[in-house]
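J.: Residues per chain, in single letters:
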Amino acid sequence: MSYLRDKLKGFFLFDEPGKNEQFILKYPADSVLKDNGKADRMDREIEKKLAEAGKKPDPSDAISDDIDVNLEYMKKIYSVPVNSDIVLREFSINYRGDLVRAFIMFFDGMTDREIIDNYMLTPLMVNSIMNLQNDLADGLKDYISRQLLPHNQIKLESAYSKVIEEINFGGCVLFADGLKMAFTADVKGWEHRGVEKPNNEIVIRGPQEAFNELLRSSTAQIRKRIKDENLIVEDIIVGKVSKTPCCIVYIKNVTNDGLVDEVKHRLDNIRVDYMLDSGILEQLIEDSTIFPSPQMISTERPDYVSELLVSGRVAIIVNGSPNVLVVPITMFDLLHSAEDLYIRYPYVNLLRFIRYAALTLALLLPGLYLAIITYHQEMIPTDLLLAIEASREKVPFPSIVEILLMELSFELIREAGVRVPGPIGPTLGIIGALILGQAAVAANIVSPILIIIVAVTGIGSFAIPNYSQAYSIRIMRFLFIMFGGLAGFLGITLGLFLLGVWSTSLKTFGVPFMAPIGPRTSMSYKNMIFRAPEWKREERPDYLNAKKSRIQAKYSMGWKSGRRGSK
Amino acid sequence: MPNSIKFGKWEAVALLINSICTKLFLYYVRMTAEDAGSAGWILTIFISLVTLFLFTVLIRLYKPFEGKDILEVAEISGGKVLKILTGLIIAVILFYQTVITIREFSEDMKVISLPTSPLSYVILFFIAGMIVGSFLGLESIVRYHAILVPVIAVAYILILVGVIKIMDTSNLFPILGTGPSDIFGKGFLRISVFGELIILILIIPYIGSYKSAKRIGYAAIGFSSAFLTLGSLAYILSFPYPSDLEPFLPMYQMARLITYGRFFQRIESIFVFIWATAALMYLTVNFYFMVYVLSRMFDMKYLRPLILPCALIVFSTAFIPQNLITVLNIETNIFNKIIWVITFGYAGAVLIFANLRERAKRRGKKDETEA
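Same order as they appear, the protein sequences are chains S and A.
Here the first sequence is numbered in this note's numbering, starting from 1 and rising by one per residue.
Here the second sequence is numbered in this note's numbering, starting from 1 and rising by one per residue.
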């Protein structure tokens, strides 16, 4: 409400740009924070114990050589024993006949237990008894790292912050008494999906692989397709607390440097504690948060991402998310499907034409119907007008109520269809069909013609390949119903005008959203509105200002001009 | 500030085409028929040629002032006073045009499809479009033109093609209509039809080079002349002379005659989309430049604070004319006879003065260096 008030205020009163006031969520008083919860009590107890023993962790973040200090510090950090999935295992290592105290720490569920048991605990607890060769230069440190830990990825860290980072990312940490450092082992082993078929972006022709939630698996899938040393995968951490690993992927000698810098700049300047999915990241880096259409492509298909990267775009992968974001895009990209490249161009153009028609129907059909029925009856041929009027004769509601009723019912069924558990799905379909298709007409609540309108609109919105774009069309459809109801064709024209000027004012990562038609850029990239034959697709989109504009030779079908065997 | 945006040639041409040709949907073809009878199309060709000549002179005078708009040129020739005076004249013209056109379109719309709605309600729709368009800025407005002008042009051609079967060549006779003096004498005043070229000398800083401005001007005049001539010719061919003088929306009347078989008979409502879009674009451009000129006149940093008050003034003033006939009279008999004085006469005078001042300045410098 306050947002709406601010917007209205901003509409009537002029604020000089850059001096907008921001909403501040006030910090709770200190007294509220204190004395809350078991974890805080534990912290205080640990601090008290350390103070009594005269031992305090080094404030400079350096690991202490006193195992008790390290143990208490780590317990405090991870709220042991309140935190149930953190494992802390204390044991002793036999070193030159003495027993050295040690402990390991890791998160259960994020690590591979077998590796920890077989390649860390067994050598440390059992093999150390054998006292193989204890006269190494660096004593205990070398003994552990060179002879007791056979694991392939062991690192030595001397700061608590690094150690904590490792544990948080599925590592196992070993502290030993007398060492001012800790051993960290990469033993990640969390549960994840393998490479599976795409669930939402299904194609008939083309690869049947999708990204999964693992960052490295996702980057590998792209690398598998673009075998180019210029393909750069840059790591970046987003989220102050969640420290979510993300990757920016681009082709060094193709993508515009300014675009890469802008993506990095936006990711670097996200000030959130937690960023858990690419859906959240998308909302944090988009240019306009109020514009209805999505401003980047979110896809689960590595082949589609590869194609977009080759054209000069940048991909952003978020660890834990099976959807990869690609920027920048234009309005027309939202009507492309991954399959468009794999089938012959006449078929693609037919499909594209159908998609544009579907978009128009999904957006405007109910509004147009309402406008014609209410204001422009003269344009309906007499026979059709009589048929419509006969079907509406017994309906008690005005057309706008009738249409809103049906649209809302349809949205209800659609939402319920997504949320309903699988086995109940068909039942929902039957109920929906009965209520909407038959009962509503039989009860004279709506006219049969409206059922057709709503059904065609619904089918139209399903034909839009981009899921988020379909959402935006659904929202805007209601606005167009309102405009059509208010002033017929004039209202719809005003709606289209407002949407049009808004769209043309928008830029996504510096690229006009309505390119290449508004503004007009070079039409040499023959895959925007319609698609040219594959051999003709010679250049990258002009508006991306890629380092290399040409994507294939002028005569890409060299076999046609050369003799057999010649190059 | 003004130079931070640049737009392409096509965007600028589209902007000018729509600004010049929107009158086709309102009164233009009837006006030419009124002036020259069955020779209305000859009148259009004549005024196009005269405009082409005057534009050549005007743009030639502009050569030393590459990248400067008419207000900057006025400042060069007569200081701040002339800049404010020039701005005021242009702002008044644009204001007048906006008010008259908004009233005319709203009256027509009310008759066509919203007969029971109050006029103020219809006007509000156009005002809303103007306000939002102006808030979003010139860049989005010109881009929208680049997309929509070809669509409107195609739809317009389709209307002309649709009435081919009712065209009668005998309507063209007498070929010189009401006489050569009406066409080439009184008709001269109708170069005001191209009065919107004044927008070109306001957008010059956004276009860039002098060469581009020249090309844009010629292209805009060329396309507009073609559309106006075709419209005029089709109208005269479709209706006999007495019917040509029917005052209400001549192009709409033409669209009403289109029939494709038994089923598609009253498709003129689709025409509403075309001309309402053209009207919204035209009004937004006029209104935006009116506000822009006001802000430039007084060296204001932002133009947004002026949008709402100016929109309110336009809205209120639109009710002053008593009825549609009064509006049409003002439009055709006053406005479309005098606006050329500003576009070509006043702007030309300012440019001549500025040229003389520049030359004097250069001569002065030369004398100084020689001394």
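Hints listed in this document are in silico derivations from the structure and should not be mistaken for laboratory results.
Quantities reported herein were computed from a predicted structural model and do not represent experimental measurements.
Keep in mind that the hints are not guaranteed to be accurate.
[Claimed, not checked] Quick partial rundown of chain A residues pointing at chain S, CB under 10 Å, derived from the structure:
1) V111
2) Y121
3) A128
4) A153
5) V154
6) A155
7) I157
8) L158
9) R262
10) E268
11) S269
12) I270
13) I313
14) F315
15) F319
16) I320
[Claimed, not checked] Derived pair list, reagent style DSS-like, types lysine-lysine, alpha-carbon separation capped at 27 Å:
17) A:K68 <-> S:K526
18) A:K6 <-> A:K68
19) S:K507 <-> A:K9
20) S:K547 <-> A:K6
21) S:K243 <-> S:K180
22) S:K526 <-> A:K63
23) A:K110 <-> A:K301
24) S:K252 <-> S:K7
25) A:K68 <-> A:K214
26) S:K7 <-> A:K211
27) S:K548 <-> A:K6
28) A:K366 <-> S:K9
29) A:K63 <-> S:K507
30) A:K63 <-> A:K186
31) A:K337 <-> S:K507
32) A:K63 <-> S:K548
33) A:K214 <-> A:K110
34) S:K526 <-> S:K547
Built from N, CA and C at the ideal position, the CB exists for glycine as well.
J.: Against each hint, give a clear statement of whether it holds in the structure.
T.: Taking the hints in turn, this is what the structure says about them:
no. : hint              : verdict
1   : V111              : 12 Å, violated
2   : Y121              : 8 Å, holds
3   : A128              : 6 Å, holds
4   : A153              : 14 Å, violated
5   : V154              : 14 Å, violated
6   : A155              : 13 Å, violated
7   : I157              : 19 Å, violated
8   : L158              : 16 Å, violated
9   : R262              : 7 Å, holds
10  : E268              : 7 Å, holds
11  : S269              : 4 Å, holds
12  : I270              : 7 Å, holds
13  : I313              : 16 Å, violated
14  : F315              : 15 Å, violated
15  : F319              : 19 Å, violated
16  : I320              : 23 Å, violated
17  : A:K68 <-> S:K526  : 37 Å, violated
18  : A:K6 <-> A:K68    : 13 Å, holds
19  : S:K507 <-> A:K9   : 20 Å, holds
20  : S:K547 <-> A:K6   : 23 Å, holds
21  : S:K243 <-> S:K180 : 26 Å, holds
22  : S:K526 <-> A:K63  : 39 Å, violated
23  : A:K110 <-> A:K301 : 39 Å, violated
24  : S:K252 <-> S:K7   : 42 Å, violated
25  : A:K68 <-> A:K214  : 14 Å, holds
26  : S:K7 <-> A:K211   : 43 Å, violated
27  : S:K548 <-> A:K6   : 24 Å, holds
28  : A:K366 <-> S:K9   : 57 Å, violated
29  : A:K63 <-> S:K507  : 34 Å, violated
30  : A:K63 <-> A:K186  : 31 Å, violated
31  : A:K337 <-> S:K507 : 43 Å, violated
32  : A:K63 <-> S:K548  : 37 Å, violated
33  : A:K214 <-> A:K110 : 40 Å, violated
34  : S:K526 <-> S:K547 : 18 Å, holds
The structure fails hints 1, 4, 5, 6, 7, 8, 13, 14, 15, 16, 17, 22, 23, 24, 26, 28, 29, 30, 31, 32, 33 (numbered hints given earlier, in ascending order).
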